[in-house]
Amino acid sequence: MTVDNLRDFGANVDEGIRRCVNNETFYLTMVQKALNDKSFDQLNEAVDSKDIDRAFEVAHALKGVLGNLALTPMFETVSEMVELLRSKTDTDYSIYTEKINAQKKQLEEYL
Amino acid sequence: MNDFRYSYGLKRHILIIDDEEINREILGNMLKNDYEISFADNGAMAYEMLKDHSLKISLILLDLLMPVMDGFEFLEKIKDDESLNAVPVIVMTSEKPAEVRSIKLGADDFIAKPYDSPEVILARCERIIQLYEDKSIITSTEKDHLTGLYTLEFFNEYIRQIDSLDIGKSYDALVLNIEHFHMVNEMFGRKAGDDVLKMLSDLLSDTFKDSFSIGCRPAADYFYFYLDHNDGYDKIVNSVQERLAGFSHIPKIHLRAGVYFDADKSLTPDCRFDHAKFACDRIRGDYSSQVSVYSKESYDADLYHEHLINDIDDAIANKDLTVFYQPKYFIQSDKPVLKSAEALIRWKHPEFGMISPGEFIPLFESNGLIQKLDHYVWEETAKQIKTWKERFGYSVPVSVNVSRIDIYDPELESRLTGLLKEYDLKPSELMLEITESAYSDDAKGLTDVVERLRKIGFKIEMDDFGSGYSSLNMITTLPIDALKMDMKFIRNMNRDEKSLKLVELVLEIAGFLEVPTIAEGVEDADQIEALKKMGCDIVQGYYFSKPVPPNDFEEFIKKELNKH
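First to last, the sequence lines map onto chains A and B. All residue numbers for the first sequence refer to this note's numbering, where the first residue is 1 and numbers rise by one. All residue numbers for the second sequence refer to this note's numbering, where the first residue is 1 and numbers rise by one.
Calculated directly from the structure, the hints in this document are not laboratory data. Among the clues, some could well be false.
Claimed, not checked - In silico lysine to any residue, SDA-like type, Cα no more than 25 angstroms apart, as pairs:
no.: 1; chain 1: A; residue 1: Lys104; chain 2: B; residue 2: Asp134
no.: 2; chain 1: B; residue 1: Lys104; chain 2: B; residue 2: Asp134
no.: 3; chain 1: A; residue 1: Lys88; chain 2: B; residue 2: Met69
no.: 4; chain 1: B; residue 1: Lys532; chain 2: B; residue 2: Leu513
no.: 5; chain 1: B; residue 1: Lys32; chain 2: A; residue 2: Lys104
no.: 6; chain 1: B; residue 1: Lys198; chain 2: B; residue 2: Ser164
no.: 7; chain 1: B; residue 1: Lys558; chain 2: B; residue 2: Arg391
no.: 8; chain 1: B; residue 1: Lys459; chain 2: B; residue 2: Lys498
no.: 9; chain 1: B; residue 1: Lys96; chain 2: A; residue 2: Lys104
no.: 10; chain 1: B; residue 1: Lys11; chain 2: A; residue 2: Val21
Claimed, not checked - In silico contact screen, one side only, chain A against chain B (beta carbon under 8 angstroms); selected entries:
no.: 11; residue: Gly10
no.: 12; residue: Met30
no.: 13; residue: Lys50
no.: 14; residue: Arg54
no.: 15; residue: Glu57
no.: 16; residue: His60
no.: 17; residue: Val65
no.: 18; residue: Pro73
What the hints assert, rightly or not - Not everything, but these chain A residues come out facing chain B in the computed CB check (under 10 angstroms):
no.: 19; residue: Ala34
no.: 20; residue: Phe40
no.: 21; residue: Asn68
no.: 22; residue: Phe75
no.: 23; residue: Lys88
no.: 24; residue: Ala102
no.: 25; residue: Lys104
Yeah, the Cβ is synthetic: ideal placement off N, Cα and C, and Gly gets one too.
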């Protein structure tokens with residue numbers, strides 16, 4: 001995985017690297033670590049079981065991590081989902097998880 | 001402080017509490033060069049770490065939504081814990097409602113998510129830590145830990161602030177001290193001593209609570225209060241002492257106080273309290289008085305004494321201190337005969353002019369410096385006797401004072417015999433005067449010394465006889481060679497029957513002891529006539545001469561020589 005890959009993905013790489021005190025390697029390590037985060041699975045589980053509270057909790061946590069890594073497309077998807085979950089909007093959240101899963105898959109292909 | 005830490009490689013410690021490992025690591029990476037970092041997954045884990053106290057945490061970075069114990073619960077838990085709530089907390093959130101709730105729970109600042117640039121985060125951490133450290137330095141130096149009163153520096157500063165708001169009110173400076181406080185510590189232990197100080201401080205603060213007052217404990221068992229003018233300090237101090245005795249199991253705590261009424265605001269606060277402390281210390285050890293009031297007169301007198309004490313060495317070196325001689329005449333012959341003299345010290349101070357021995361002798365007696373003075377007089381006198389002997393071939397024995405402190409000096413005999421040897425004198429030529437009250441202090445110890453001196457051949461005159469408290473029984477056993485009558489009796493003998501009777505009595509006692517009597521302070525012919533009739537042998541006083549410098553004294557010698 002390279003920063004160019006991430007840039008292609010749509011990540012705000014400059015912002016992410018700056019947040020990592022300009023340490024590119026550290027940034028890339030953190031991104032790879034994020035892809036292994038169990039939160040993705042937990043989010044899918046919560047949405048599948050329609051556990052809105054749990055889904056909010058996990059999505060909220062994921063939003064924080066993705067935001068810090070400046071993985072913008074994914075961050076935006078999760079953020080949107082968090083707001084809906086916060087207001088307990090009755091909607092089909094699997095649309096969001098599918099989108100997130102696809103974005104995650106795209107990133108994993110760079111590995 | 002920062003420089004100090006950096007130069008010793010000491011870093012402050014930040015605790016990051018977040019359940020997301022990636023967030024923790026990104027934040028830790030931002031801070032690791034400037035701080036030691038510890039991590040906790042949730043509030044409960046962090047709480048355990050803090051309770052352990054082995055980590056000195058300077059700052060907590062807290063996430064809000066976490067499993068097990070979230071950020072709010074954590075804040076709640078440390079809020080009322082005095083050992084933990086002194087650590088600043090920065091909450092990491094981007095949600096406004098959460099910010100309000102966090103502030104209410106004691107959070108100090110916020111970091112938004114996603115995080116700002118590392119520079120911003122570092123600056124925020126640094127600022128909050130600095131703020132807390134400054135605050136704790138101020139609170140730790142402003143108040144005395146034990147009593148909660150101000151420390152001296154802050155106390156003085158607050159007085160200066162009161163001065164600057166001057167509304168024409170008058171304030172007193174009050175200083176309190178516990179008499180022999182070190183004994184409380186020694187007998188009952190330091191803890192009990194501290195308890196007494198704390199209790200006293202609480203009682204004083206309570207006593208003055210209805211009027212303006214600020215208090216300070218500048219050191220040990222001293223207490224300073226700057227307060228509204230008040231006339232009833234005797235009552236106040238007494239009542240505080242009684243209440244203190246009621247609370248404390250330590251018996252007999254005696255307080256003493258010094259007060260400087262309507263303290264002069266043109267003086268520095270330090271100076272105002274120096275005055276009050278001076279008053280307080282004047283009655284040290286005096287259990288009959290409790291409150292002493294500062295007066296300029298007594299303060300000046302004390303300063304003057306200090307001056308004299310400091311000047312004594314210079315005075316000896318520069319010969320500002322000189323020895324004068326007053327003749328003693330034998331009067332039981334047709335015409336009075338010069339018998340001997342008394343050496344008397346005189347001080348011509350370069351700044352104060354002639355100083356009366358009545359001013360400096362009691363002072364030097366009280367602090368032991370009299371010994372220095374005595375040694376000087378002995379030497380000068382011995383030298384003078386030798387000079388006269390050589391010049392006139394005539395020996396005038398001279399008596400010198402031997403102070404109480406000299407008597408207990410193991411070197412006394414060797415010093416005196418050394419002088420005899422150096423100036424080639426017989427012991428009978430250097431006579432010694434010892435005041436009667438020295439005899440009554442420690443008759444046995446003194447008698448031993450006097451016996452040894454007499455064995456060498458010294459003549460001992462008991463000075464001021466009748467002013468002390470010798471028992472008749474003691475007098476019979478005293479080893480003396482002459483009695484010098486206290487001059488008060490002589491002064492009043494022609495005016496008052498009682499004094500006359502006393503003179504007769506002393507002469508009788510001298511007769512019984514078979515020693516000559518010397519009358520001091522004789523001023524006129526009537527007195528001489530009466531004393532002669534009553535059998536007094538020797539007379540000293542203005543009738544013959546005041547004490548004079550050696551040159552003037554030589555006239556008396558010459559006169560005596562011309563008779564022959």
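Quick rundown of the hints versus the structure:
no.: 1; hint: A/Lys104 with B/Asp134; verdict: violated (48 angstroms)
no.: 2; hint: B/Lys104 with B/Asp134; verdict: holds (23 angstroms)
no.: 3; hint: A/Lys88 with B/Met69; verdict: holds (23 angstroms)
no.: 4; hint: B/Lys532 with B/Leu513; verdict: holds (19 angstroms)
no.: 5; hint: B/Lys32 with A/Lys104; verdict: violated (30 angstroms)
no.: 6; hint: B/Lys198 with B/Ser164; verdict: violated (31 angstroms)
no.: 7; hint: B/Lys558 with B/Arg391; verdict: holds (11 angstroms)
no.: 8; hint: B/Lys459 with B/Lys498; verdict: violated (31 angstroms)
no.: 9; hint: B/Lys96 with A/Lys104; verdict: violated (30 angstroms)
no.: 10; hint: B/Lys11 with A/Val21; verdict: holds (19 angstroms)
no.: 11; hint: Gly10; verdict: violated (16 angstroms)
no.: 12; hint: Met30; verdict: holds (5 angstroms)
no.: 13; hint: Lys50; verdict: violated (21 angstroms)
no.: 14; hint: Arg54; verdict: violated (11 angstroms)
no.: 15; hint: Glu57; verdict: holds (7 angstroms)
no.: 16; hint: His60; verdict: holds (6 angstroms)
no.: 17; hint: Val65; verdict: holds (5 angstroms)
no.: 18; hint: Pro73; verdict: violated (15 angstroms)
no.: 19; hint: Ala34; verdict: holds (6 angstroms)
no.: 20; hint: Phe40; verdict: violated (13 angstroms)
no.: 21; hint: Asn68; verdict: holds (5 angstroms)
no.: 22; hint: Phe75; verdict: holds (8 angstroms)
no.: 23; hint: Lys88; verdict: violated (16 angstroms)
no.: 24; hint: Ala102; verdict: violated (21 angstroms)
no.: 25; hint: Lys104; verdict: violated (14 angstroms)
Violated hints, listed in ascending order, are 1, 5, 6, 8, 9, 11, 13, 14, 18, 20, 23, 24 and 25; each of the other numbered hints is respected by the structure.
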